[in-house]
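Asks: So the sequence lines, in the order shown, correspond to chains A and B. Once you know that position 354 of the first sequence is 354 in this note's numbering, the rest is easy, because the numbers rise by one and skip nothing. Adding 1000 to a residue's 1-based position in the second sequence gives its number in this note's numbering.
None of these hints come from the bench; they were simulated from the model. Ideal placement from N, C-alpha and C gives every residue a C-beta, glycine not left out. Accuracy of the hints is not assured; some may be wrong.
Between beta-carbon pairs, the in silico distance windows are [stated by the list, open to error]:
| id | chain 1 | residue 1 | chain 2 | residue 2 | range |
| --- | --- | --- | --- | --- | --- |
| 1 | A | Lys31 | B | Glu1188 | 52 to 62 Å |
| 2 | B | Asp1035 | A | Asp555 | 25 to 35 Å |
| 3 | A | Asn357 | B | Gly1190 | 47 to 57 Å |
| 4 | B | Val1330 | A | Gly301 | 23 to 33 Å |
| 5 | B | Glu1135 | A | Lys571 | 26 to 36 Å |
| 6 | B | Met1350 | A | Gly413 | 25 to 35 Å |
| 7 | A | Asp555 | B | Trp1026 | 15 to 25 Å |
| 8 | B | Arg1042 | A | Glu515 | 30 to 40 Å |
| 9 | A | Ser458 | B | Gly1190 | 30 to 40 Å |
| 10 | B | Pro1192 | A | Glu515 | 42 to 52 Å |
| 11 | A | Val427 | B | Pro1192 | 53 to 63 Å |
| 12 | A | Ala134 | B | Asp1035 | 57 to 67 Å |
| 13 | A | Ser458 | B | Leu1245 | 52 to 62 Å |
Here are some of the chain B residues that sit facing chain A, going by a computed Cβ distance under 8 Å [to be verified]:
| id | residue |
| --- | --- |
| 14 | Tyr1008 |
| 15 | Tyr1249 |
| 16 | His1257 |
| 17 | Leu1344 |
Residue-level listing of the chains:
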Amino acid sequence: MDIAKIRNFSIIAHIDHGKSTLSDRILEITKAVDTREMRSQYLDSMDLERERGITIKAQNVRVEWKGHTLHLIDTPGHVDFGYEVSRSLAACEGVVLVVDAAQGIEAQTLANCYLALENDLEIVAVLNKIDLPAADPERYAGEIEQVLGIPRDQILRISAKTGVGVDELLDAVCERIPAPVGDPDAPLQALIFDSQFDQYRGVVSSIRVMNGKMTSGSRLKFMQTGALHEIIEIGARRPATTPLSDLGPGEVGYLIAGIKDVAEARSGETVTTANHGATEPLPGYRDPKPMVFCGLYPIDGDDFENLRESLQKLKLNDASITYEPESSGALGFGFRCGFLGLLHMEIVKERLEREFNLALIATAPSVEYRVHRTNGEMELVDNPADLPMPQAIDYIEEPYFRVSIITPKEYTGTLMELCQSRRGDMVKLEYLSPERVELHYKIPLAEVVVDFFDQMKSRTQGYASLDYELHGYERSNLVKVDLLLNSIPADAFSTIVHRDKAFAYGSRMCEKLKELIPRQMFDVPIQAAIGGKVIARETVKAKRKDVLAKCYGGDITRKRKLLEKQKEGKKKMKSIGRVEVPGDVFISALKLDD
Amino acid sequence: MREAFGVYVHIPFCARRCDYCSFATWTDRHHLQRDYLDALHRDIGRSVDRPATTVFVGGGTPTLVDPDGLAAVIRSIPVVDGAEVTVECNPDDVTVEMLATYRAAGVNRVSVGVQSMVPQVLASLGRWHQPDNVERAVEAIRAVGMPTWNLDLIYGGAGETLADWERTLRRSVALQPPHVSAYALTVEAGTPLAAQPDRHPDDDDQADKYELADDVLTAAGLANYEVSNWARPGHESRHNRLYWLQADYLGFGAAAHSHRTGRRWWNVRTPDRYIAAVAAGESTEAAGETLDDDTRRIEGLQLALRMREGVPADAFDPADLDRLDGLVEVRDGRALLTRRGRLLANEVSMHLR
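Work out the full structure, taking the sequences as your base and the hints as a guide.
Replies: Laid out in structure tokens, this is it:
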């Protein structure tokens, strides 16, 4: 293939700004997919992705346009998946920035654009949804010009929905994005930027050849893991997988090499030939690092092994999940799991429940603390139950995020208040345009993971957007707040919080749990305690009435169904001591914040 | 003794609709009454193949339709000697003549829809009769020598104080009824009440009122024999027991339910469609269900648990019986609900096996 005719690009867009619709339209216009077969949002194949309207796993597809071969490389569309975005971008020479012409650019999009600029990628900017009555392309073109320095006359106006301007966009991709550069005679260097597990074919990796040539049937070396694998199949997605005999520099395609676990073919891995291979891997590899941890416990203790197997299966497709067995006095046997962020955590819990038919209870999410003992040793603690006794602790450090929020200026006050209430320190405030502000804060991760995103959205009618990255660890005055249900410590629900907030946290959790724990057959005291000292208390009063008043001819069927439903509901409850607790009680309690 | 077999007749007409009511009843179809009674007559004639041990005419408001027409329908139902035949009555409608007509047709029990004896509580339930009408209706009942009768009460609506409820109970027992049904007001989907959350009853308030009812009625010689029913010995409703014992019954009229050995079905919902189906000689069934043996068995236990006789003790795991201490007590090999247990019968039912 003529490398000069290849164009590799990603689409960068905020959720709902139309990336999936544009991808669909490109597949249609380039005739890669028959209009009749067109399934809306072709690239988002997972049910959950379609439901939530976000892309979790990157896909890539090869299409032809006026003598050029275009590789459209999809990027994950949520802030939890930032590293995967950077790997996808590493496979491109350019990006198409899609901005909703009625809403303007959002923080995460901007962060991804900066990432693209750092990687010297060409940005083709488009304003989408120009067919909307609320569209204001002039205004947002001005904003893009100011923020990213892209001249406004180069910004295309399209409607991915109706197809207007999409042909011109493809022309612009061919004209403006440079062809890849690579040496066909050099040793093979190919970048893996995504891997997915297929039940029948094993791991299918998305790859971009940088230098050299990958030839079907040859043996490969995976430079990070050091493992050797034989190629079973290489090819391109059009979007159906199409086997090819070789892939040269600049080409994007897929690789199947009999690998059973995506952890052995992670994003960022460099692949070379087993013999006379490259000596240096491509730069930029990093282990995806879990940021948020929680315990997942089966509601039915007999499901422990099922949960283990289900986690194993999920991990085949999502190397960023970590899990290890743990046990809790309150919840029995379960797993300590690590996630990229809170959304990732919710998605994994939901997938386990939906795809593997498990009923689970999640403990309060936690971050990873550095605990410095009085004897000078440091240990990492991601489970509050593992925190040493206070007298053994010299000090604790917690992870901080650098957070950037882009918002219409009228919400600046309420957002500053939110950040301050989350122990944030303002780094700077900039005006992107007369109407829009970017706030930079340094905030403890523990304060961000809980419901920061939801709060930010509700305080700004959804107009603010967020991006974040790890800043580092800093020393904090932290204590462990324990919860007692019916006077029994529920170890799994202990949380580490800042000392100044411990009392408020304890009171609020008791109040929320009082609302969320259904009335039982007896009074249930709920207490919050620090080091054995009770700081807050509520009582769920015993249930006194639960009976159908009438039960005659027409009521009998209804009564039976009611009781069946009530019984089903009980199966979703976890018994902690004698108290039955809904499986999502902690996530709900934290979400009902403020 | 003959195997119990019940006949239920539904009269789907009311002068006005109470705003908590979800029954099949209409206030704007009185012109159908004549045809409806004729349809009942024909439907009963073609369907009842053995004499009933109990008959119950409910609604709606049976006393709203022509007493002679209703009497004719009742007469058309074959019954065994000593059958219990009940008609539900609105105290506003009851007269000595009306009851005499019923009586002559074989009616030997009436159930009076009292709901409350406190005018503002009645108003808050969307009902308008005057409490004095209840006393007048009871006089008429005595005048015609009705062998047994019931007062239907409802408690726990918003705006009813505990003192209001006590007044209703006191005025009711002063009439020396042989039977009282006291129902906690229940919010049914689709009713005007359902749309007004601030008027929804409170479980704890209803529990207090239930306990008060049990105290007052028990002291008046009425013993609780089912969650919501109290009677002097020998005056328990045989028709209602038949439902709870999963006996066979046939229902006639709009939306009436029937049951025969594990199969249940129910009629079309509107009087118009009922009349049309009978006229066309077609089935009046709208839908039905057949219970498998295990579902039927468990349902039987759930129903029996609500009654004074309870269920065999082995219907519970012994460990569960320990856990249900205070709600269930075992006597002579039977597991019986305590008063607290009656209020939590659904919860206890979960443990039946």
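Asks: Let's test the interface hint: is any C-beta of chain A closer than 8 Å to that of B/Tyr1249?
Replies: holds, 6 Å
Asks: Taking the CB of B/Pro1192 and the CB of A/Glu515, does the distance hold inside 42 to 52 Å?
Replies: Once the Cβ atoms are compared, 28 Å apart, the range 42 to 52 Å for A/Glu515 and B/Pro1192 is violated.
Asks: Between A/Ala134 and B/Asp1035, does the C-beta distance stay in 57 to 67 Å?
Replies: holds, 59 Å
Asks: Is the distance from the Cβ of B/Met1350 to the Cβ of A/Gly413 consistent with 25 to 35 Å?
Replies: At 51 Å between Cβs, range violated.
Asks: At a threshold of 8 Å, is the proposed contact between B/Leu1344 and chain A supported by beta-carbon distances?
Replies: This hint holds: B/Leu1344 lies near chain A, its Cβ roughly 5 Å from the closest one there, short of 8 Å.
Asks: Quick check on a hinted range of 52 to 62 Å for A/Ser458 and B/Leu1245, using CB atoms only.
Replies: Holds, at about 55 Å.
Asks: Do the numbers back the hint for B/His1257, that is, is its least Cβ distance to chain A under 8 Å?
Replies: Holds. Min distance 4 Å.
Asks: Assuming the hint says 30 to 40 Å, is it satisfied by the Cβ distance from A/Ser458 to B/Gly1190 or not?
Replies: holds, 32 Å
Asks: Within 53 to 63 Å: is that where the Cβ-Cβ distance between A/Val427 and B/Pro1192 falls?
Replies: holds, 57 Å
Asks: Given the hint of 26 to 36 Å, is the C-beta distance from B/Glu1135 to A/Lys571 inside that range or not?
Replies: This hint is violated: roughly 52 Å between Cβ atoms.
Asks: If you check the beta carbons of B/Arg1042 and A/Glu515, does the distance land in 30 to 40 Å?
Replies: Distance hint for B/Arg1042, A/Glu515 is violated at roughly 56 Å.
Asks: Take the C-beta atom of A/Asp555 and the C-beta atom of B/Trp1026, compute their distance, and say whether it sits inside 15 to 25 Å.
Replies: At 20 Å between Cβs, range holds.
The structure does not agree with the numbered hints 3, 5, 6, 8, 10 stated previously, though it agrees with the rest.
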